[in-house]
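Undergrad: Residue numbers (our numbering), protein chains in the order written: chain A, 743 to 1172; chain B, 743 to 1172.
Don't take each hint at face value.
When chains are identical, the list treats them as one kind, so a pair holds in a single copy or across two.
Said to hold, decoys possible - No more than 27 Å apart at the CA atoms, straight line, and that leaves these computed lysine-lysine pairs for DSSO-like:
id, residue 1, residue 2
1, Lys1089, Lys1036
2, Lys832, Lys1165
3, Lys783, Lys1167
4, Lys998, Lys1038
5, Lys984, Lys1167
6, Lys1084, Lys1096
Hints in this document: simulated from the structure, not taken from any laboratory.
2 protein chains.
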Amino acid sequence: MSDKFKDPTAPLVVIIGGGFAGLELAKKLSHKRFRVYLLDKHNYHTFQPLLYQVATGGLGSDAIAYPLRKVIGPMPNIVFRMAQVERIDKAKKEVITDVGHFPYDYLVIATGSNTNFFGNQRLEQLSMPLKSIPEALDIRSYILQEFEKALVEQSVTEKQRNLKFVIVGGGPTGVELAGAMAEIKRNVISSDYRELDKELMNIHLIEAGPRLLAAMTPKSSEAALGFLRNMGVDVRLNTAVKSYDGVELELENGEKMKTDTVIWSAGVKGNYLDGLDEATRVRGNRIQVDEYNKVKGEESIFAIGDVASMSTEQFPNGHPMVAPVAMQQAQLLGDNFVRLQKGQGLKSFRYTDKGSMATIGRNKAVVDLPWFRFKGWFAWYVWMFVHLIMLVGFRNRLMVFVNWAWNYFSYERAIRLIIRPFKRKEEVDS
Amino acid sequence: MSDKFKDPTAPLVVIIGGGFAGLELAKKLSHKRFRVYLLDKHNYHTFQPLLYQVATGGLGSDAIAYPLRKVIGPMPNIVFRMAQVERIDKAKKEVITDVGHFPYDYLVIATGSNTNFFGNQRLEQLSMPLKSIPEALDIRSYILQEFEKALVEQSVTEKQRNLKFVIVGGGPTGVELAGAMAEIKRNVISSDYRELDKELMNIHLIEAGPRLLAAMTPKSSEAALGFLRNMGVDVRLNTAVKSYDGVELELENGEKMKTDTVIWSAGVKGNYLDGLDEATRVRGNRIQVDEYNKVKGEESIFAIGDVASMSTEQFPNGHPMVAPVAMQQAQLLGDNFVRLQKGQGLKSFRYTDKGSMATIGRNKAVVDLPWFRFKGWFAWYVWMFVHLIMLVGFRNRLMVFVNWAWNYFSYERAIRLIIRPFKRKEEVDS
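Looking at chain A on its own, in the form it has when it is part of the complex (with noise of 0.2 Å):
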């Protein structure tokens, strides 16, 4: 295939996934003398920092989706293909796809990272994971769908079975999920539903460790903490799920809550691909590689983001699965590969924290800064500015930021649409 680029003697680079790491890594190769390809299985690039927004009526897919074909159209050496990705050839140095092979040079995984349910069948089954579009559609469907059987529902029982909204996970996507399902409660309820009582809507967020957003300082988990119970979120912690048989959830300590709704956000897992070999996945499903990126035991491998584990003195089980992360190795592996052009020692990899951020709800954020930590009003101010800027392309910054101004001025979540009813596997199934 390479007939399609300028220069056929540069190396190929092929990049699996069109995600933060992905992507940055093909920006950084723009130009460069590379012929690129950039896999993935979707055609555009999600920016899942926002996905809950979705989940919850506050922004539209396309807000947050963007053509990962209108990134690379003006990068002459990057060639774009919706593929999904079969297994790595390592002999034949090919990766196999459902649309073809694509022979490599350098290969970069970069995969990262979807629901882990930790083996749970049943509840991968019946519960609702958020690492996607068409997930977070769903969820949003399925939200709907429970408050309009609760006003058809006679008996007091079933509506606050239909109303009680569990979400699993206390770590960014679960505080942020709450704290809209309880502006929802508190905004949307009223008006939409009219006949509904909404205080027989009950949102609880179980998280088994002893804070939420164990990344964040205890100072902003305390926060955060307080914030969603001020909001009325029932938060529980040090509390494990044990098993969800679709209407009742089991807690560790034997407790039991009556709910159709189990949101599942309480782990993830790395992409592990067929074809490396097994000595190189570790703890969380990743991949583990070197102060390069370099994948153990390999020359031409290459993993980054979510998916690679690259373990450290201060991170031994490697670096927290996010966005900062992912983009930094992603730019110092372009770096790296020019420097590999030019005869050069490569760079090893270094994370800066910059930070981390949180958003509960209007006006309610906590932000860490390295030397620094706020919360409520300015951190939420904060929060919608840095993740505006961290959007890819103009239209969607645009899109987001009319929206959240329209939220802002009429406390409503617009996007309280049914555009395709979800039901659950089970009752597809049976």
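Chain A is already provided as a structure; the job is to place chain B on it using the hints.
TA: Just chain B, lined up with the frame of chain A:
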């Protein structure tokens, strides 16, 4: 269920359908002495005139779908139910739905219309209709999937089949869709799919009658034809479709076209309801009504909009199935209900044709006013202005406006997203 209304003695009106007719009637009855149930299978109103822009990536679905609960939120005497109507029980004066029975004093059927395949099951299975938002999103996915397929296809013949888009039916939907596809060919292919020769893409518009836009003036039909042919669309008049097997479309004249994509906009039929006297079912699966929109032979059942067929001197087979007729019938019926309540005589319906219009592409539209017609860029601005005004809700107007402005300056259709890949029924079944 009447205890939810403030005035339990007010007459019960059940409106089936939240389209242009049903929604307009609900607005008319708002704050009047009626208890109204508005039923729809979706929880949103669809602005059908812009469906083709969703199908071609110019607008997101949330720009043209408007939550019905939001419209009726401020109307104290109106209750919305998301319900699938099963049938009418005339004896009990009840509407039977999947969420319960709704008793009525007056029933208004505003169920609209759906795609008419005229009994051709293979066409129904294999071609794509465009009457709902999920259908529009399916077309968007499918077109983009065909581009992706063509890109990795080796054979030029196969590429041509992937890139041959056949639109059947030269009414407004077919014309507007063909124009939008021609603009995609002109503006999107070279940047997004630079490895594809865009001349391999062909757009065909097939119309059984002697001219496009048969409801407009012959001059406007002529202008639309000229615009489309200048844009490279192959328009065939007086050409009927015989069959389609998923690979090859056969025309009545014996000609065959190899294509993956047949978009069917060649006819609509009324959404007739079970439980009515069969004698009321007339041409086009519509319900025969008198000059007050009262269903033939009934005292308390009315039908308005596309599904209603009122025979007049000018329209012996019923009025055109367009939004202005639906809205005018709804307005009159709303007034007539109030007259009925006051013991006054009913007024009969008289359609005021304010004109019609269609857009073909950038700066290309045709407008027929009762005494006057024009075309070109001014017609295009008028078309946009009228559609912005007609949209329900300020947020949707804002979203459409921002997206149109974006598309105008960028020459692109920004929402080139395959969120849910589409598989034809045949592929799903096998």
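Undergrad: Run every hint past the structure and note whether it holds.
TA: Structure-based check of each hint:
no., hint, result
1, Lys1089 <-> Lys1036, "within (12 Å within a copy, 81 Å between copies)"
2, Lys832 <-> Lys1165, "neither (41 Å within a copy, 33 Å between copies)"
3, Lys783 <-> Lys1167, "both (22 Å within a copy, 22 Å between copies)"
4, Lys998 <-> Lys1038, "neither (45 Å within a copy, 57 Å between copies)"
5, Lys984 <-> Lys1167, "within (20 Å within a copy, 39 Å between copies)"
6, Lys1084 <-> Lys1096, "neither (31 Å within a copy, 71 Å between copies)"
In the structure shown, a violation is registered for the earlier hints numbered 2, 4 and 6, in ascending order.
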